[in-house]
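Residues per chain are reported as follows:
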Amino acid sequence: METAAVEKSLRSRRDLGIAVVVLVILLAAALRPLLQELLDRPAVAHWATIFVAITIQATPFLVLGVTISAAIAAFVPSGALPKLLPKNPAASVPVAAMAGAALPGCECGSVPIASRLITRGAPAAAALTFLLSAPAINPVVLVATAVAFPNDPKMWVARLVASLLAATAVGLVWARFGRDELLGRARSLHVHEGTKGQVFVGTAQHDLLHAGGFLIVGAATAATLQTVVPRGVLDTVAGADVLSVVALGGLAVIMAICSEADAFIAASLTQFSLTARLAFMVVGPMVDVKLIALQAGTFSSRFAARFAPLTFVAAVAAATLVGWWLL
Amino acid sequence: MTAAGGTISMLVGAVVLRLTFTDTYRRYVQPAMGKWLLIAGVALILLGLVTLINALRNVEPEEAHGHDHEHSHSVGVGWLLLAPIAALLLVAPPTLGAYGVNRAGSVKVRPGKAFFKPLHQKAAPVQMKLLEYIERSLEHNGASFHGVPVKLTGFVAGSEAGSFRLARYQIACCAADATPVVMEVVGTSGTPPSDDQWVTVTGTFRPGGGELPRLAATSIVEIPAPEDPYE
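Sequence order for the protein chains is W and U. Its first residue numbered 0, the first sequence is counted upward by one per residue in numbering that gives the first Met the number 0. Its first residue numbered 0, the second sequence is counted upward by one per residue in numbering that gives the first Met the number 0.
Hints in this document: simulated from the structure, not taken from any laboratory. We put the beta carbon where it would ideally sit given N, CA and C, even for glycine. Where hints are given, some of them may not hold.
Stated by the list, open to error - Ranges of calculated distance between the beta carbons of each label pair, as one might list FRET restraints:
{"id": "1", "chain 1": "W", "residue 1": "Val19", "chain 2": "U", "residue 2": "Gly189", "range": "49 to 59 Å"}
{"id": "2", "chain 1": "W", "residue 1": "Gln270", "chain 2": "U", "residue 2": "Gly186", "range": "29 to 39 Å"}
{"id": "3", "chain 1": "U", "residue 1": "Asp22", "chain 2": "W", "residue 2": "Asp39", "range": "16 to 26 Å"}
{"id": "4", "chain 1": "W", "residue 1": "Val241", "chain 2": "U", "residue 2": "Gly189", "range": "45 to 55 Å"}
Stated by the list, open to error - Sample of chain U residues with no beta-carbon within 12 Å of chain W, all distances over it, derived:
{"id": "5", "residue": "Ser8"}
{"id": "6", "residue": "Leu89"}
{"id": "7", "residue": "Lys121"}
{"id": "8", "residue": "Ala123"}
{"id": "9", "residue": "Gly146"}
{"id": "10", "residue": "Gly161"}
{"id": "11", "residue": "Glu183"}
{"id": "12", "residue": "Thr199"}
{"id": "13", "residue": "Gly207"}
{"id": "14", "residue": "Leu211"}
{"id": "15", "residue": "Ala215"}
Please work from the sequences and hints to get the whole structure.
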């Protein structure tokens, strides 16, 4: 009896869900003239274009990340990862930072992968290090950086070194002081059961909706900030050395552009020093409003509130140090 | 609620494919992204379809077991994916326009960054990108133009009597990283075109002047927005 009741309630909830999808579409169709009128305002149109652009740009990377995450869930036996990685964080964190070079994508894809690695038993510090380094040091990003700075060939080397440094530092700080209960949601993440194919589809579907939803939150935030904060205000701090490094780090946080594109933006900010532009490229793939939304959703908001500032400080410090040394 | 989840995935995939096939995606991202969007769209539709079939046949194992996990049944935040879908299905947002030009820092071109071969007089005006025009005009004060007429395409971003600003965005990946290239068109007669109007301008380089490189126009033709709005 009870099972039948549970199944009935599940089925009615499912029907309700489809009804909501249909309702949203009908409602949107009814509101079309209103939407068109809104888009006739230049500020709204600017916002909508950037919002849609970030969403569209991220989609292929999200699909890649979700596919890898689902493959880990379906095909990597639980318990294999802890055996593979060194027990000591001092060894596993740098290994995870280097491993980031193997994932060609941007930051949207790496959050579901890192969270899946944690559910599969990888040490949190190593998974978080991978989360930070993968979008920053993969070959696609480094080649883009080399192309964007043809006159400063040291730039991509500096980016590689500074990003590895920042990711490793954050990983080691997390291994020493981090509290794993902050990762709450990732640790208790539901593991789908059934055949490998069912696990793959179930996980991919779950991660897609989850990460995709938070991506929307992040894209909307980034579009709002880009519409509200004129980039021209930056010119006022371009001259001040220390301030300009922090300012470009902050710009990377609010612009939330893909790590494969940020080198071209950095290259165009010629009024800033090379070190400040390095900070823009080291911070961007590790902390931005879109990523903060994704991390808060995937792990917990208390996690994001600690992890984002820590990463920002580490990234700016690493960029300053490496900039002073190499550039 | 996996059936709703599958429906949302299929919708996202369908919208992405529609954008790709209608070339509307070029308003938002670089043209080279096209093939990746195609792959992503197909993958999303397949994923949604399999999920939907599983849900309708009720073989989804977690439901058969009757667990009640916090996340397994709720699409939750995934509903938000319907927002861009609704926007794109109904009214696709336009390409970036004049609004952003005055707010963004424009492309800063260093003199001497590029070296250009001098232009030669031909029957037709030389077509070039706005960026190239600005780079040429900064190199030895536009020496490489040799008075040869050029043809430029962009949109209007602000105007005064007798002149207007012509702009076009450069993008590396998507519209979020767009940076405008701006120049000034002088010697126009009558009312200048309104903001955001796309135009093809023919004219010659005019040295000196203010902050922006200038072009003395001989003809201005209003055109519809091009398929590749960004340089």
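Assuming the hint says 16 to 26 Å, is it satisfied by the Cβ distance from Asp22(U) to Asp39(W) or not? holds, 23 Å
Status of the stated non-contact between Thr199(U) and chain W (beta carbon gap over 12 Å): Correct as stated: the minimum Cβ-Cβ distance to chain W is 23 Å, above 12 Å.
Assertion that Gly161(U) lies outside the chain W interface [Cβ separation over 12 Å]: holds, 24 Å
No chain W beta carbon within 12 Å of Leu211(U)'s: Answer for Leu211(U): holds, closest chain W Cβ roughly 15 Å.
Classify the label on Gly207(U) as holds or violated, using whether its beta-carbon is more than 12 Å from each beta-carbon of chain W. Holds: least Cβ distance 23 Å, greater than 12 Å.
Take a look at whether the Cβ-Cβ distance between Val241(W) and Gly189(U) falls inside 45 to 55 Å. The hinted range 45 to 55 Å holds for Val241(W) and Gly189(U), with Cβ atoms some 52 Å apart.
Minimum Cβ-Cβ distance from Ala123(U) to chain W exceeds 12 Å: holds, 32 Å
Status of Ser8(U), Cβ more than 12 Å from any chain W Cβ: violated, 6 Å
Quick check for students: does the CB of Leu89(U) sit more than 12 Å from each CB in chain W? violated, 5 Å
Between Gln270(W) and Gly186(U), is the Cβ distance one that fits in 29 to 39 Å? Cβ of Gln270(W) to Cβ of Gly186(U): about 31 Å, so the range 29 to 39 Å holds.
Classify the label on Glu183(U) as holds or violated, using whether its beta-carbon is more than 12 Å from each beta-carbon of chain W. holds, 18 Å
Determine whether the Cβ-Cβ distance between Val19(W) and Gly189(U) falls within the hinted range of 49 to 59 Å. holds, 54 Å
In this structure, the hints that do not hold are numbers 5 and 6, in rising order.
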